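Protein sequence lines correspond, in order, to chains A and B. The letter at position 237 of the first sequence is residue 237 when you use this note's numbering, and the numbering goes up by one with no holes. The letter at position 323 of the second sequence is residue 323 when you use this note's numbering, and the numbering goes up by one with no holes.
Just so you know, not all the hints are guaranteed correct.
[Stated by the list, open to error] To be clear about the criterion: a stretch of chain A counts as covered by chain B if any three or more of its residues have a C-beta under 8 Å from a C-beta of chain B, and this derived list gives those stretches:
| hint | segment |
| --- | --- |
| 1 | 31 to 45 |
| 2 | 185 to 194 |
| 3 | 199 to 209 |
| 4 | 239 to 253 |
If you're looking for bench data, these hints aren't it; they were derived computationally from the structure. Keep in mind that this is a model prediction, so the values were computed, not measured. For every residue, glycine included, the Cβ atom is placed at its ideal position computed from N, Cα and C.
Chain residues, written in single-letter form:
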Amino acid sequence: MSASGNNTALLEVEDLKVQFKLKRENLLSAQPILHAVDGVSFTIDRGKTLGLVGESGCGKSTSGLALLGLVKPSHGKLLFDGIDLSSLNLKQMFPMRRRMQIIFQDPYSSLNPRQTAGDIVAEPLTIHQEGTPSDRKERVSELFAVVGLRQNQKELYPHQFSGGQRQRICIARALALNPEFIVCDEPVSALDVAIQAQVLNLLCKLQDELDLTYLFISHDLAVIQHVCDEIAVMYLGTIVEKTTRRQLFNGPRHPYTKALLSAVLQNEESKRTERIRLVGDIPNPINKPTGCRFHTRCRYAEDVCRSVEPELTEKSPGHWEACHFETA
Amino acid sequence: MSVVLNNKESTVLCVEGLTVDFDVKGKSVNILSEISFDLRSGETLGIIGESGCGKSMTALALLRMIPSPPGRITGGKVLLNNENLLTATKNRINSIRGKEISMIFQEPMSSLNPVYTVGNQIVETIRRHKLISRHEALEEAVELLRMVQIPAPDRRINEYPHQLSGGMRQRVMIAMALACSPKVLIADEPTTALDVTVQAQIFDLLKEIQEQNGTSIILITHDFSAVTEMADRVLVMYAGHKIEEGTLGQITDEAKHPYTQGLLRSMPEIKSDPKEIREPLPEIPGVVPDLINRQEGCPFGPRCSFAMTKCLQMPQSFALSENRSVKCWLAQQENAA
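Next comes chain A alone, as it looks inside the complex (with noise of 0.2 Å):
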């Protein structure tokens, strides 16, 4: 791990909100509001890998999205390395984009279908204008290298890869410019079971490495329990409950968390213990519930959480959760 000065946290995020104005139904009615993240705040360290989990729909994604500045937040403090990524213009943020990239769920609809793989590759290269060509090249056969392609591939076409191989194509072309940040958008939701161990592997060596720091989104929780550090829970655009991976894990506080962690369970000694079954779905972003958001869902909920929303608040040390009661 690599320390800049005292302060170890890379990226700093404060009270982050995205909304999405939608269309109105007439021209009288107000105009509706879809709050993807409604006030988000964490910090990752260098190095470091946080992990955000939920169901979808509860902006875990826009909040990767937001942080690179691909969609616009509403309001909210984003401070990368010490620099406010909300004041920078377009060409302030252009030098800014190659130390933060992005790997995508989806390996068959994030690649080009008409360009070979190792132009893929090059592209963020040609892009920042990286060296002269014959650098490029060379990039692009080390990178191949590095995510355990062939060289002879680079001349092949995405149609042409398995699943696996092309999340190792977008592994490589988030590789090439050398960021220190990578927002991982469920990189191995799409893959196979002997697949997606292959390239969870393949990120935590990349990892150990090259010191990068990961956000690492996913609705498994068994992935995010082997790759991340911390871990912050997300319900309907807000972190329901944020901590280190072994409390998570050892000592879930949050309702949902638990409910979570039930519905996943699967080795014998989950058997034994009490299933907890959520009813229902997600609420609607456009008209989310009054008082804590999870209170449709919740079994233990009171008039309380029906009117007044639980703040994320720190239940013991590290450990942080948005609930009204003592859960733990």
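Knowing the structure of chain A, use the given hints to seat chain B on it.
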């Protein structure tokens, strides 16, 4: 979990030597090679494997739904009550689909028709198999939606698929599949498109229905946790072969085939007491073989850490006990013993 009856008479569906070929660029490619299994009444059989291993193809072949051309069922039998579905007439097959054997697909959005209300689509299924009026069928449809726990079913029945959430759509698919109380329900990745909490709800629902109606379920999935949740017995597939078969316990605790062992090991597992330092996951090296240019011998050979010269020949399926078999030379000695 449902009761497993062990006598032969309770077998609902019997598949023997099912083989499917596809014509690809003028070449015949073997997609399924002699798949055999029994499905007993009231049990859940999990079929697991990576994408392209032929698990969905097996499901489609059972109901003769393989697109033809290019696909061809070149051998085997599918016996439902001693009637071979592979030689049945088209009319007969149509009356079996949806009534005796029905199917739930992976993507509930693309398998429902977006321009008809869900009520319309359920009524269509019911009236295809039962001689009742539209009105009666509609009432039955409301009942079905209630059975799959859709809130306010009399209102939901008039809604279109896009108005429902993913979990609800999958419930509608299940309601449709159950419309004629089939004996066999084939669920092809029924929860892959859904969130974990909703996935758990769907599995609970399927178990409940199974207990009430004694339906047999074939669960096709790539997800081992789904299999441990639902299945009584498991069939592991690789490159069009059935490489291992056994009860859930036999597969999870005493897997014999190196592929099954590797697959189990490579899954990240949730531990309630994780270690401070992360360890690399054991991985299976390499990729699934190319079916078009199939090599001689065991298809898993090139990725297998136990491979020996003998593996250049295709091993046969060695039976260890009833409904327990392994297609690997390593199992041969055990078989002889």
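Okay, the hints, checked on the actual structure:
1. Taking a C-beta to C-beta cut-off of 8 Å, the segment 31 to 45 of chain A contributes 0 residues in contact with chain B, too few for the three needed, and the coverage statement is violated.
2. Interface restraint, the segment 185 to 194 of chain A with chain B: holds (3 residues with C-beta to C-beta distance below 8 Å; minimum three).
3. With 4 residues having a beta carbon nearer than 8 Å to a beta carbon of chain B, the segment 199 to 209 of chain A meets the requirement of three or more and the stated coverage holds.
4. Coverage of a stretch by a chain is defined here by at least three residues with a beta carbon nearer than 8 Å to that chain's beta carbons; for the segment 239 to 253 of chain A and chain B the count is 4, and the condition holds.
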